[in-house]
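Engineer: Here's the letter readout for the chains.
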Amino acid sequence: MLARTASNLFWLARYMERADYLARLLQVAGHMSAVRVDADGNSEWESAIAAAGCHEEFFARHEAATAESVIDYLAFDRGNPSSICNCIETSRRNARAVRTALTSDMWEAVNTSWMELRDFESSEMNEDRLTEFLDWVKARTSLVHGVYANTMLRRDGFHFTRIGQFLERADNTARLLDVKYHVRLPTVQDVGGVIDYYQWLAVLRVVGARRAYRVLFKGHVEPAQVAELLILRPEFPRSLVFCFEQICLNLDAIEAHDPRLSSDCKRIAHSQYAALRFGQIEPIIEQGLHEFLSELVDRCGLLGAEIARGHLF
Amino acid sequence: MSERAAIFDEMGWPDHIRPPYALVDAWLKSLPAEQLALKRREAEVLFRRIGITFAVYTEGGDPERLIPFDLIPRVMAQAEWQSLRKGLEQRVRALNAFIHDVYHDREILKADRIPERLVLNNPQFRPEMVDLDLPHNVYTHIAGIDMVRTGPDEYYVLEDNCRTPSGVSYMVENREVMMRLFPELFRRAGVAPVAHYGDELLETLRSVAPPNCQGEPTVVLLTPGIHNSAYYEHAFLADEMGIDLVEGADLLVKNEICYMRSTSGLTRVDVIYRRIDDDYIDPLVFRPESMLGAPGLHFATRAGNLTLANAIGAGIADDKAVYIHVPEMVRFYLGEEPLLQNVPTHDCSKPEDLAYTLAHIDQLVVKAVHGSGGYGMLVGPHASKAEIETFVAQLRARPHDYVAQPTLALSTVPTFVESGIAPRHVDLRPFVLSGEQIRIVPGGLTRVALRDGSLVVNSSQGGGTKDTWVLER
Numbered sequence: 000m001l002a003r004t005a006s007n008l009f010w011l012a013r014y015m016e017r018a019d020y021l022a023r024l025l026q027v028a029g030h031m032s033a034v035r036v037d038a039d040g041n042s043e044w045e046s047a048i049a050a051a052g053c054h055e056e057f058f059a060r061h062e063a064a065t066a067e068s069v070i071d072y073l074a075f076d077r078g079n080p081s082s083i084c085n086c087i088e089t090s091r092r093n094a095r096a097v098r099t100a101l102t103s104d105m106w107e108a109v110n111t112s113w114m115e116l117r118d119f120e121s122s123e124m125n126e127d128r129l130t131e132f133l134d135w136v137k138a139r140t141s142l143v144h145g146v147y148a149n150t151m152l153r154r155d156g157f158h159f160t161r162i163g164q165f166l167e168r169a170d171n172t173a174r175l176l177d178v179k180y181h182v183r184l185p186t187v188q189d190v191g192g193v194i195d196y197y198q199w200l201a202v203l204r205v206v207g208a209r210r211a212y213r214v215l216f217k218g219h220v221e222p223a224q225v226a227e228l229l230i231l232r233p234e235f236p237r238s239l240v241f242c243f244e245q246i247c248l249n250l251d252a253i254e255a256h257d258p259r260l261s262s263d264c265k266r267i268a269h270s271q272y273a274a275l276r277f278g279q280i281e282p283i284i285e286q287g288l289h290e291f292l293s294e295l296v297d298r299c300g301l302l303g304a305e306i307a308r309g310h311l312f
Numbered sequence: 000m001s002e003r004a005a006i007f008d009e010m011g012w013p014d015h016i017r018p019p020y021a022l023v024d025a026w027l028k029s030l031p032a033e034q035l036a037l038k039r040r041e042a043e044v045l046f047r048r049i050g051i052t053f054a055v056y057t058e059g060g061d062p063e064r065l066i067p068f069d070l071i072p073r074v075m076a077q078a079e080w081q082s083l084r085k086g087l088e089q090r091v092r093a094l095n096a097f098i099h100d101v102y103h104d105r106e107i108l109k110a111d112r113i114p115e116r117l118v119l120n121n122p123q124f125r126p127e128m129v130d131l132d133l134p135h136n137v138y139t140h141i142a143g144i145d146m147v148r149t150g151p152d153e154y155y156v157l158e159d160n161c162r163t164p165s166g167v168s169y170m171v172e173n174r175e176v177m178m179r180l181f182p183e184l185f186r187r188a189g190v191a192p193v194a195h196y197g198d199e200l201l202e203t204l205r206s207v208a209p210p211n212c213q214g215e216p217t218v219v220l221l222t223p224g225i226h227n228s229a230y231y232e233h234a235f236l237a238d239e240m241g242i243d244l245v246e247g248a249d250l251l252v253k254n255e256i257c258y259m260r261s262t263s264g265l266t267r268v269d270v271i272y273r274r275i276d277d278d279y280i281d282p283l284v285f286r287p288e289s290m291l292g293a294p295g296l297h298f299a300t301r302a303g304n305l306t307l308a309n310a311i312g313a314g315i316a317d318d319k320a321v322y323i324h325v326p327e328m329v330r331f332y333l334g335e336e337p338l339l340q341n342v343p344t345h346d347c348s349k350p351e352d353l354a355y356t357l358a359h360i361d362q363l364v365v366k367a368v369h370g371s372g373g374y375g376m377l378v379g380p381h382a383s384k385a386e387i388e389t390f391v392a393q394l395r396a397r398p399h400d401y402v403a404q405p406t407l408a409l410s411t412v413p414t415f416v417e418s419g420i421a422p423r424h425v426d427l428r429p430f431v432l433s434g435e436q437i438r439i440v441p442g443g444l445t446r447v448a449l450r451d452g453s454l455v456v457n458s459s460q461g462g463g464t465k466d467t468w469v470l471e472r
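One line per chain: the protein sequences are A and B, in this order. First residue of the first sequence: 0, per numbering that gives the first Met the number 0; consecutive thereafter. First residue of the second sequence: 0, per numbering that gives the first Met the number 0; consecutive thereafter.
Don't read these hints as lab results, they were simulated from the structure. Because the structure is a prediction, the values reported are computed rather than measured. A virtual CB, placed ideally from N, CA and C, is assigned to each residue, including glycine. Mixed in with the good hints, there may be bad ones.
Unchecked claim - Which residues of chain A face chain B? A partial, calculated answer using Cβ under 8 Å:
1) MET0
2) ARG95
3) ALA96
4) ARG98
5) THR99
6) GLU107
7) MET114
8) HIS144
9) ARG308
10) HIS310
11) LEU311
Stated by the list, open to error - Anything over 10 Å on all C-beta distances counts as not near chain A; from chain B, calculated:
12) ARG186
13) ALA234
14) HIS399
With the sequences and hints as input, model every part of the structure.
Structural biologist: Quick look at the structure:
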């Protein structure tokens, strides 16, 4: 298939996945700041910025991470290339550039999302409307992902779309967990406290895994088990191992590429998948979860670049 | 007699309904007003959702606009269509023969049937095409012939579009939307289908594969990209044909062979349906700064490794000054009398024609020879004094650049407007496909001037479209 088309599909899916993640992040931050008992109600918002991976860009433009500034920056700010609005806009632009590679259902799902987005943007935003907006983002991204899974031919176009979605998801999951470990807790004493407990619960909420956690582990929320769920459990569709399995399956399914060019991205994907598949949570935590996760985030970046190079994007 | 009374309404609305419109008339009378209003809104939602939009430059607001779609179809009886179809086929054969001739032996110029300067000094004449043989001698593979009607049996060709005529996606999508909104109506009407246009187009393009193509030809559609006003149509047609929609940067010419950059390396391309003007298609031959085409496409064509559709240089046949001579082409190349008439046209480069034009300017339509899209045009009866004065100054300064035609009493078809239903002027653009044979999908694109009394149907000037029906019986 046309290299430009592959690239557009890859990014279309990435941006949709990112919009979904940001909507979840904002919903949970809002929820958490409402249940917080301490005086400083803003740390939830600051960690949302960190988990979105745009700490530097945000503080270049805002003095403090407040509810207003963070919601505006992550959801609506047209000056932030990764705001939800811009993610949907960019997805739609990518879709429009490769309309012929999309099924008509897929195009309609993306295009209708974009049209409805404009209605949201032109209306007054208040708390109720924000809730409606974030629910809408989650519903629309689910729809887009569902429609492509149900209508696209299982050929290269599908595989590149899939890889984009799961590479983005892996990156998001790793950042979310990393932030929890290293930014959120104000003091050492807080570890294991009430706040800590709610914060781990919040991580599960972001990835929609409260129930999954109960089913797999039963009982109280334990940090190590949350990490295990998000990193190593192949049953959980947002875990890193699940994401890398999808990436590997789809990379392998792409037809007839030049083996010299594409071997690097396959090597990176497969070795990471193997490490996750056979990994255990205790040694990972012992050797430093933060190191493990930040290395993984770097890997995701490298893998994205190698996929592009290997398939001539 | 008032101006209105002289105008032919194709439906005979409201009191003298012509037979092809009997069903439409009954349907309109049976539909409650509120249901029609509902359907009109539904149609708009459908167009938006499918993304059938076009971009308008130089205006603020929404860059992706809808062309207004009118629900009342334009209907032709089978016999009416058959006589048109024969005429179209004949005309396009002659146009292709003419283009082939001017790039080869120039018989028609030698015979002095068309003035040499009109061809050889024309910016649309491409010396790069001289003595190059093309598959089936076809240059304008996709031609859009703009027709107007002034009476039951009076049709005129307004202009020939031999380069990259657009609008066919509206022909197909208008039908699609009408059928979604009023399925019941179609079950009774017996309307010739148009949905196979994409198949016909692909067959046409495959039939003109270059001499060095081995096996199944790979056909692609070349678009300037998402910012082009007709981008939707490019994507639509590529989709209908199931071929790749490429941009210039996706193409590469190596050793006079054209390839596209795919995820598995370079894939050979045999036929390009290009929706980019000659000037931008190959920076090695035409505008060197162009980023829209790809360097070397013309050389790949010359080497027999590639077919461009439409061919470079096809525009020589659709110049408004050359237009005057198309009936002569039919006689010269085919030895037949033309079935379709031209609008009587005054060539302002001739002193007597210029004098006539200046004396009757308030009754004439004056057009710039190289203009398109309704720009550079004066509609005398509707122009203000000041507009006429400005135009006359331009005309006197460069009479060679203008032609003048009588203001035709264009036919009307009833159309939904603010005040209800009212007659509005229409034209028709059928699309003629030429490959190893000529193919025409019945009907074409009907454009309608939505402003009362307006004769300008261009979408950039407030025109709309209608579904065009050719009845099968």
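Engineer: Which numbered hints does this structure break?
Structural biologist: Of the numbered hints given earlier, those the structure breaks are 8, 9, 13, listed in rising order.
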